[in-house]
Amino acid sequence: MTATNTALDAGALAQLFTEARTHNGWLDRPVTDDTLRRIYELAKMAPTAANTQPVRLVFVRSREAKERLKPLLSAGNVDKTMQAPVTVIVAHDTAFHEQMPKLFPARDMKGYFAGLPPEVREQAAFQSGTLQGAYVILAARALGLDCGPMGGFDKAKTDEAFLQGTGWKSNFLINLGYGDPTKLYPRNPRLAFEDACRLD
Numbered sequence: 001m002t003a004t005n006t007a008l009d010a011g012a013l014a015q016l017f018t019e020a021r022t023h024n025g026w027l028d029r030p031v032t033d034d035t036l037r038r039i040y041e042l043a044k045m046a047p048t049a050a051n052t053q054p055v056r057l058v059f060v061r062s063r064e065a066k067e068r069l070k071p072l073l074s075a076g077n078v079d080k081t082m083q084a085p086v087t088v089i090v091a092h093d094t095a096f097h098e099q100m101p102k103l104f105p106a107r108d109m110k111g112y113f114a115g116l117p118p119e120v121r122e123q124a125a126f127q128s129g130t131l132q133g134a135y136v137i138l139a140a141r142a143l144g145l146d147c148g149p150m151g152g153f154d155k156a157k158t159d160e161a162f163l164q165g166t167g168w169k170s171n172f173l174i175n176l177g178y179g180d181p182t183k184l185y186p187r188n189p190r191l192a193f194e195d196a197c198r199l200d
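Heads up: the sequence shown begins at 1 in the UniProt record's numbering, then just goes up one per residue.
I should point out that these hints are in silico values taken from the structure, not numbers from a laboratory. Treat the hints with care, as some may be off.
Subject to a maximum C-alpha distance of 35 Å in a straight line, what follows is the list of computed DSBU-like cross-link-like pairs (lysine-lysine) [what the hints assert, rightly or not]:
id: 1; residue 1: K110; residue 2: K169
id: 2; residue 1: K157; residue 2: K102
id: 3; residue 1: K66; residue 2: K183
id: 4; residue 1: K102; residue 2: K80
id: 5; residue 1: K183; residue 2: K110
id: 6; residue 1: K70; residue 2: K169
id: 7; residue 1: K183; residue 2: K155
id: 8; residue 1: K155; residue 2: K70
id: 9; residue 1: K80; residue 2: K110
id: 10; residue 1: K102; residue 2: K183
id: 11; residue 1: K70; residue 2: K80
id: 12; residue 1: K80; residue 2: K157
id: 13; residue 1: K155; residue 2: K102
id: 14; residue 1: K66; residue 2: K155
id: 15; residue 1: K169; residue 2: K80
For each label pair, taking beta carbons as the anchor points, the in silico distance ranges come out as [said to hold, decoys possible]:
id: 16; residue 1: L27; residue 2: A196; range: 29 to 35 Å
id: 17; residue 1: E119; residue 2: L143; range: 31 to 37 Å
id: 18; residue 1: L116; residue 2: T32; range: 26 to 32 Å
Just so it is clear, CB atoms sit at the ideal spot from N, CA and C, and this is done for glycine as well.
Construct the entire structure; sequences and hints are all you get.
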């Protein structure tokens, strides 16, 4: 049975997009491991090239793990990250093709990707992994959480501290939790359709 898509109502669109904000302050309210699992179960449905699914997520939530992450952050990201209940290291697996027999059983996609130059294979992992990382944000918002995605960290040292021996490479971070609305800055403008889009 094929479902017919319908437009989301205004409340859902507001939660996911128009009223959603990048949070810098957090309420003292935990995020459960079950919620983190639910986020992944939604985010894994993102479209990826040949169903490669290269995203890898490290949910940094213990005090010890946060302390390991702290010195790797830019100064402006320290306080909000240490306060957030969870910080997600969004990474991609440079050896994603090893999973292809499971993910694309109809053809030898493992052999195809293995035959590509490493830099081309990594670009594919980065591109699809970034797309999946965006879905992590949408999934978290859909489940009632707030997000604070950010760069501003030492990728090489983060890979060494958290991803060593995995073949995973960090891309960006997302603070997760229940945002403190009193710590929000005024929303900055967005470009108009005419400034950012073309109809060819």
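Results for each hint:
With a C-alpha separation of about 20 Å, the suggested pair K110 and K169 falls inside the 35 Å cut-off, and the hint holds. Pair hint K157 plus K102 holds up; C-alpha atoms about 31 Å apart against a cutoff of 35 Å. Restraint check: the Cα-Cα separation between K66 and K183 comes to about 21 Å, which is no more than 35 Å; the hinted pair holds. Distance hint between K102 and K80 is unfulfilled; the C-alpha atoms sit about 39 Å from each other, more than 35 Å.
A threshold of 35 Å between alpha carbons decides the hint, and for K183 with K110 the separation of about 47 Å lies outside it, so the pair is violated. Distance check on the hinted pair: K70 and K169 sit about 18 Å apart at the alpha-carbon level, within 35 Å; holds. As the CA atoms of K183 and K155 are separated by approximately 27 Å, the hinted pair is consistent with the 35 Å bound. This hinted pair checks out: K155 and K70 have alpha carbons roughly 13 Å apart, not beyond 35 Å.
Taken as a hint, the K80 and K110 pair is broken in the structure, with Cα atoms around 40 Å apart against an allowance of 35 Å. Between the alpha carbons of K102 and K183 the distance comes to roughly 45 Å, so the proposed pair goes past 35 Å and is violated. A distance of roughly 11 Å separates the Cα atoms of K70 and K80; the hinted pair therefore holds under the 35 Å criterion. Under the criterion of a C-alpha separation no larger than 35 Å, the hint pairing K80 with K157 is consistent with the structure, at around 20 Å.
For the hint linking K155 to K102, the alpha-carbon distance of about 29 Å falls within 35 Å, and the restraint holds. The straight-line distance between the Cα atoms of K66 and K155 is roughly 15 Å, inside the 35 Å bound, and the hint therefore holds. Under the criterion of a C-alpha separation no larger than 35 Å, the hint pairing K169 with K80 is consistent with the structure, at around 23 Å. Here the CB-CB span from L27 to A196 is close to 34 Å, well matched to the stated 29 to 35 Å.
One distance hint, 31 to 37 Å for the beta-carbon pair E119 and L143, holds here, with the actual separation near 36 Å. Between L116 and T32 the beta carbons are some 40 Å apart, a value that contradicts the proposed interval 26 to 32 Å.
In this structure, the earlier hints numbered 4, 5, 9, 10, 18 are contradicted, and the remaining ones agree with it.
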